[in-house]
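Next come the chains, spelled out residue by residue.
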Amino acid sequence: MTTLTDNGTALSTASLFRFATAGSVDDGKSTLVGRLLHDSKSVLADQLDAIERTSAERGFGGAPVGGVQQLDLALLTDGLRAEREQGITIDVAYRYFATANRSFILADCPGHVQYTRNTVTGASTADAVVVLIDVRKGVLEQTRRHLAVARLLRVPNLIAAVNKIDLVDYSEARFRSVEAGLQLAAADLGETNLTVVPVSALVGDNIVGRSERTPWYGGPSLLEILEELPALADLETGSESFRFPVQTVLRPQGALAPGLDPATYRDYRGYAGQIVAGTVRVGDTLTVLPGQRSTVVSGIDMAGEHLDEAFAPQSVVLRLREDLDISRGDLLAAPGTSGKSSQDIQGSLCWLSPGTLHPGAGVLIKHSSSTVRGIVQDILGRLDLTTFTEQPASRLDLNDIGTVRLRVASPLPVDSYAESRHTGSFLVIDPANGNTLAAGMVTGPGPATTGDTGSSKEPDAS
Amino acid sequence: MSTYTGNRVLSSLDALESEAIHILREVFAEFERPALLFSGGKDSVVMLHLAAKAFWPGRVPFPVLHIDTGHNFPEVLDFRDDTVERLGLRLVVGSVQDYIDDGRLAERADGTRNPLQTQPLLDAIRTNRFDAVFGGGRRDEDKARAKERILSLRDEFGQWDPRNQRPELWKLYNGRHTVGQHVRAFPISNWTELDIWRYIEREGITLPPLYYAHPREVFRRDGMWRAVGEVSQPAPGEQVQVRTVRYRTVGDMSCTGAVESDAASAAAVVREVALSTITERGATRADDRISEAAMEDRKKDGYF
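Chains as they are written, first to last, in my numbering: chain C, 1 to 462; chain E, 1001 to 1304.
Honestly, the hints are just simulated from the structure, not real lab data.
Accuracy of the hints is not assured; some may be wrong.
[What the hints assert, rightly or not] 25 Å max Cα-Cα, derived SDA-like pairs, lysine to any residue: (1) E:K1300 - C:D169; (2) E:K1053 - C:D267; (3) E:K1300 - E:D1131; (4) E:K1053 - C:G299; (5) E:K1300 - E:L1105; (6) E:K1053 - C:A263; (7) E:K1053 - C:L320; (8) E:K1053 - C:G329; (9) E:K1053 - C:A50; (10) E:K1053 - C:T264; (11) C:K41 - C:S241; (12) C:K137 - C:N101; (13) E:K1300 - C:G329; (14) E:K1053 - C:I326; (15) E:K1053 - C:Y115; (16) E:K1053 - C:T54; (17) C:K41 - E:E1260; (18) E:K1053 - E:E1085; (19) C:K137 - C:Y115; (20) C:K137 - C:D166; (21) E:K1300 - E:Y1099; (22) E:K1053 - C:K137; (23) E:K1053 - C:A255; (24) E:K1300 - E:N1164; (25) E:K1053 - C:V203; (26) E:K1053 - C:R328; (27) E:K1053 - C:P252.
Just so you know, these numbers come straight off a predicted model, no measurement behind them.
Put together the whole structure using the sequences plus the hints.
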């Protein structure tokens, strides 16, 4: 990556920023991603040669002008044979580029049949979502859906890139009209923080540098926006309630790493996991869920290093003062901060499967480090994307977003998704073939005895 | 080690390390018989280093698997054996040469053996009943790899179906599979070549010496420097000379090229990679130049 040329080591403290792009068919998303990579100098010479060759073979952009072949930048991202042949993007692709301050991971989410599935996938880990809109088409149903999904998954930053501005002669009036429509759609969702930027992915306006052809805009380019926005980790204060799903118990006994003293480590017992929220210090009291047992942290280890404290998202091993029966699937949490573990869960589902969900379906629920059997007891409603309100429903189909009530076989230590992206999320899995059927977000733990919590007008997980 | 920045945000390298360790532990906890692909190449060396960290103070709790093309650089095989011994691991080897010797595979016209690794790999997975295989594949390596999941299901024929992959959400990896299927796990999916080298530098990881600048007898072919060796001989007209080179990838010796370089340490390589204008596969892998979809086709068949 040539953006690092001045000093490769300047990156040592650079942070990671994950973002997803979403758009409808022919909005020019692959071209936008290609442009972002190309203009940030993240495309290397041999990759460029390859797309130049292919562009020429296909006569992209007509005859070369002054010996310069126009580049079909979409070829940079459309990686599968079928994608190149059909000129479409089939599956989420991940791209990597870096500037002096940030390393970016880009989830490029195509807008075809499985567009919700792809957008939900990209948004689930994203610090920002860039929704692409064709300025000539304005806000489409898919645009509203992308915004709703990003909002539902609580992506902290939403950006709308109004593309193909070159095709309307850089008309401010056309841009402002689309911008107004976008802000209206965002307001319907309760989203007040939508950044709108006019771009031309094909020509490169406002992608990396600011364009002189949009003097009426005057704002930062897309890349400048991405460099400045706070990542989810930047928004965390460190005072979040500690959450640590136990992945596995390390009790090496006879199977110690070579070179370690058996006398020191014979009775070693540590709980391995990744901190998903908050901070932990040696001496902290923690609650073990389910069961509400109490324990004290006696050590924090990371590959031979003993730490005084650790914070999300570090992977560590915790040693505890008490010898409790703790295993994979249990959650270590700051005392008094977690909801009760519950067998009854209410949640929003993004239904990602071609099959249909009916009430009574037997499923598997994967939450943190446990997988348990469950039943979908009720479908409480389905989100209408035209009005952003929840309507009564008795089934969910591909791309539907709805609210359901689940009963699971053993209590799960869930938080609401509004509080935690990790302890508030779950997968719905088909017990027959193991396929992932839906992405779930906890809206309320505890027995939902009445329907009144399910009639929220907002597609918000809170 | 973990660097605290002022506001408790992990550096990108710490975040990538933590993600990889989380994935290694998830797969270990959820599968019966995992194995880790280990060739002695830099990505697999980083993988093994991460596995050692993930399970400390225990030893790496699964065997390592190497598919030996029979065209390996001798110093890489020595390094492989030393590493396995140092960490107290069990090594399982699948040998392409054995398959050629007994006729199960035929040598290709172009002599390269990378594509021939698929059958011994799938057989080794089946005979050892491995249900999860860790690989050091990275999404930045190739356009087809960019579409790969972190946990990737393989059918009973070992095939990858890129059009029918499970959505991968949050940090919830769904590794459920039925009898005969297995899962490939790629914990360093999100690392770039530069991340790998910065990590090697930071952690002081030892690599086979040919990753660093050294004088070597080479000849020019297909725009690359090829080492003179048993399986890699100059054709008439290809002039042998001594150059200071290093390898960016170490695979089948007959199709892996060296680059001219005076980078003799990990720090020097970090600087060189940051300045590079050519991808590592473009620079050094003749077999990936065959077609736009060379990697996709191999992956669909069950390749790494």
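Verify the proposed pairing of E:K1300 with E:Y1099, using a straight-line Cα cut of 25 Å. 21 Å, holds
Need the status of pair E:K1053, C:P252: alpha-carbon distance at most 25 Å? 13 Å, holds
Can the restraint linking C:K137 and C:Y115 be considered satisfied, given a maximum Cα separation of 25 Å? Holds, at about 18 Å.
Below or equal to 25 Å on CA atoms is what counts here, so check E:K1053 against C:V203. 47 Å, violated
Does the structure keep E:K1053 and C:D267 at a Cα separation of 25 Å or less? The hint holds at about 19 Å.
Holds or violated: C:K137 to C:N101, with C-alpha atoms at most 25 Å apart: 35 Å, violated
Holds or violated: E:K1300 and E:N1164, Cα atoms, limit 25 Å. Holds, at roughly 12 Å.
Has the given pair, E:K1053 with C:A255, been kept, meaning a C-alpha gap of at most 25 Å? Given pair E:K1053, C:A255 holds - Cα atoms ~14 Å apart, limit 25 Å.
Would the pair E:K1053 and C:Y115 pass a check requiring their Cα atoms to be no farther apart than 25 Å? 38 Å, violated
Please work out if C:K137 and C:D166 have their alpha carbons no farther apart than 25 Å. 14 Å, holds
Within a Cα-Cα threshold of 25 Å, do E:K1300 and C:D169 meet the stated pairing? Between E:K1300 and C:D169 the Cα gap is close to 45 Å, so the pair fails against 25 Å, i.e. violated.
Please verify whether E:K1053 and C:L320 have alpha carbons no more than 25 Å apart. Answer holds: E:K1053 to C:L320 is near 20 Å, not above 25 Å.
Figure legend: structure checked against the earlier numbered hints; hints not met, in rising order: 1, 9, 11, 12, 13, 15, 16, 22, 25.
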